[in-house]
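Chains as they are written, first to last, in our numbering: chain A, 1 to 217; chain B, 218 to 434; chain C, 435 to 651; chain D, 652 to 868.
Keep in mind that the hints were calculated from the coordinates and are not lab data. Every value quoted in this text rests on a predicted model; they were computed, and no experiment measured them. Any given hint could turn out to be false.
In silico lysine-lysine, DSS-like type, Cα no more than 25 Å apart, as pairs [what the hints assert, rightly or not]:
| # | chain 1 | residue 1 | chain 2 | residue 2 |
| --- | --- | --- | --- | --- |
| 1 | A | Lys82 | D | Lys733 |
| 2 | C | Lys516 | D | Lys733 |
| 3 | C | Lys516 | B | Lys299 |
| 4 | A | Lys82 | B | Lys299 |
Listing some non-contacts, in silico: residues in chain D with all C-beta distances to chain A over 12 Å [stated by the list, open to error]:
| # | residue |
| --- | --- |
| 5 | Ala737 |
| 6 | Ser738 |
| 7 | Ile764 |
| 8 | Arg765 |
| 9 | His766 |
| 10 | Thr775 |
| 11 | Ile796 |
| 12 | Ala798 |
| 13 | Val801 |
| 14 | Glu808 |
| 15 | Ile810 |
| 16 | Gly841 |
| 17 | Phe844 |
Where a beta carbon is used, it is the ideal one built from N, C-alpha and C, also for glycine.
4 protein chains.
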Amino acid sequence: MVNEGEVRSRTISTTRMEAFSDGVFAIAITLLVLEISVPEGSEDDLLRAVLHEWPSYLAYVVSFATIGGAWLAHNVITEHLKYANASLMRLNLLLLMVVSFLPFPTRLLAGYIRHDNPERVAATIYGVTLLVSAAMLALLWIYAIRAGLVEPDMTEEEIRELTRRLNPGLIGYVVLIVVGLFVPLVAVFGYFFIALNLIVPIFHITGRERKVPSRRA
Amino acid sequence: MVNEGEVRSRTISTTRMEAFSDGVFAIAITLLVLEISVPEGSEDDLLRAVLHEWPSYLAYVVSFATIGGAWLAHNVITEHLKYANASLMRLNLLLLMVVSFLPFPTRLLAGYIRHDNPERVAATIYGVTLLVSAAMLALLWIYAIRAGLVEPDMTEEEIRELTRRLNPGLIGYVVLIVVGLFVPLVAVFGYFFIALNLIVPIFHITGRERKVPSRRA
Amino acid sequence: MVNEGEVRSRTISTTRMEAFSDGVFAIAITLLVLEISVPEGSEDDLLRAVLHEWPSYLAYVVSFATIGGAWLAHNVITEHLKYANASLMRLNLLLLMVVSFLPFPTRLLAGYIRHDNPERVAATIYGVTLLVSAAMLALLWIYAIRAGLVEPDMTEEEIRELTRRLNPGLIGYVVLIVVGLFVPLVAVFGYFFIALNLIVPIFHITGRERKVPSRRA
Amino acid sequence: MVNEGEVRSRTISTTRMEAFSDGVFAIAITLLVLEISVPEGSEDDLLRAVLHEWPSYLAYVVSFATIGGAWLAHNVITEHLKYANASLMRLNLLLLMVVSFLPFPTRLLAGYIRHDNPERVAATIYGVTLLVSAAMLALLWIYAIRAGLVEPDMTEEEIRELTRRLNPGLIGYVVLIVVGLFVPLVAVFGYFFIALNLIVPIFHITGRERKVPSRRA
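Excised from the complex, chain A in its bound form (with noise of 0.2 Å):
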């Protein structure tokens, strides 16, 4: 906690950061379906052509439901924000720059799944891009709760239970990068699980701190 003084003498509204941070997240989820597409002159098997395309599908599906978990994630913890300062805006910014990263990771993936030794390469590349965006949300969240930004209506117990859920991605994207060294699609599938697993619990705990449905009007 800081004193008041030094509060006052940085604060800044987080209203923008917040549209400029959903448009970054928006566009870079759209973007992704820029990376799929049917090499030309596949007239003659169209639908083996579509279909063989399964690891732009995958990559897509695992790539979209990271960014939105991310976003979600965000979005809470930028719920939980009296206000912002200049070191949480660059923070803020350096996450944005890794999830804005993410579509080049994905093409590598749908591009080099089925290659025996490139597809390790690429799996080890999105995983380490997972990591950091992991990394960079979660250290978002630390800093606010160290430099006093988060809301005074939440208890310890509920700062300590969000803090709890926005790690358990760290450790298993660890896990999964090593994983991805010897059996990447395995690790694929592990990324979507945690993109899943980011989505569903942390509204759960927004709730239970959550007294009366507020309207930012």
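Knowing the structure of chain A, use the given hints to seat chains B, C and D on it.
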């Protein structure tokens, strides 16, 4: 309907869900233009080359109308929500995933409509994507009603009316997918007709149930 | 003007229509840069290769100014709406469809301006797209007036003034499309001039009719 | 300062200008990833191919930081506006045009940094684009002050401080453009440093002049 305590324990405001969804709809609808292009080296007769791309324009218009219609329907649904919960957020992400995917089937349709056999494949994939997105929209609305997330000032009759309006697309899509196996182009015009239909009547309902023109400032 | 009961039975708030439209305008304007590129293998004389792409920069600037001007005009129109109805939403989607399409004629213009015959074709397609988007804007405004959707505090004179300002582009575009059949490059500079013109005077009107600087918080 | 009557005759709310600008910044920053790719047929040694693309990552990070920094600065400026006028809207569109253009010089930089002569050309074009965008930002702020659009609760000293902070980038960019003619890579790191610098100190000022953490709900 769920009891008040249960609702309180999970509710979240819909503001950022709307902002994020608006972003994804707007981006998906604007990315459609990237699928349109004239082959390199069309200097000799550019007009002919441009006219020759008519399937691209047709696919652009149909997909634009469909995403536009889906956005309007989404708009109507979220307008009637008191608040969201975790499951609704997940259903919403699933809907957005299908909507974001649409540029790919659009490109397939534009690219293969003139080739005898592949055009059936492309039209079917396109139709199935539309069917799934319509089904997700209907699911979102039905779930919102079941979970008691709908604003209490809607009468039973109004809810039934809106439900009834969101459905016909589903049957229409199923019929057109079958039609598309024989005459793909007819199916495409059918998809366009459904999209237009989705845009038109929905707001007649919206109006009827709204007594005072509200402004979510 | 329609009677109060009829208005009530269809009205919808304009907030999300504005958010969605802003999104589409912002994306269409930002996608324009993707059309600019230098051919592979320009290592030998990159400066010359970059300068050689001047039609791309010209097309970028003209299209950017046009979409920017259209966004400003859209802004002015929606600022004066009390609420929207189903037809306005459809007209608005139609306008957005034309605006979103602009990157394609922009690419045509950039790609073929140096080729004798195709440049006439490209400039005409480009001009017609601009004409249609200007016509849609004017239609949106005229419809809003006819349907009684405009804020009651606008005087008849103010409405006439704004209508008068939205029109000149239409005649200008028609003239320039004809000019473009003979000297395409002159037409392109003409389009740029119209766009600048749209940006400049509109806010003089806006100001005059607004008594107190309002803040739609 | 202008007199009250003149101000009234042109003012417009800044809400949608902010929304539109946020959209353009968010899209431009997210499109940067589309410039990163590994050449086809990198199956043999994907890791080497990925590492070989380091100029793309460098260019991505520098451009991301620059657009992020510009967005923060834009944020600070608009936070202090009472309202906008026609000229400010035009200056803002001009700024957005330069920011939206940045993905093109970024691609040039990424593509030619390893080629002896072209890298000087690419670094210069890149630097000039950054210089122009910084100049536009400074111009926006200076114009806002001159036209009396800035909130009256800012003291003269605070205005001077913010002005002083927005400037150093300009001189830095000029110096680095010259440096880039000799050692392009050093210039690129310099651009990165300026971007970081733009992100860091701006909010120290924002804090100092803000007494109560405001929430633009």
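Output the indices of the hints that this structure fails to meet, ascending.
Checked against the structure, no hint fails, so every one of them is satisfied.
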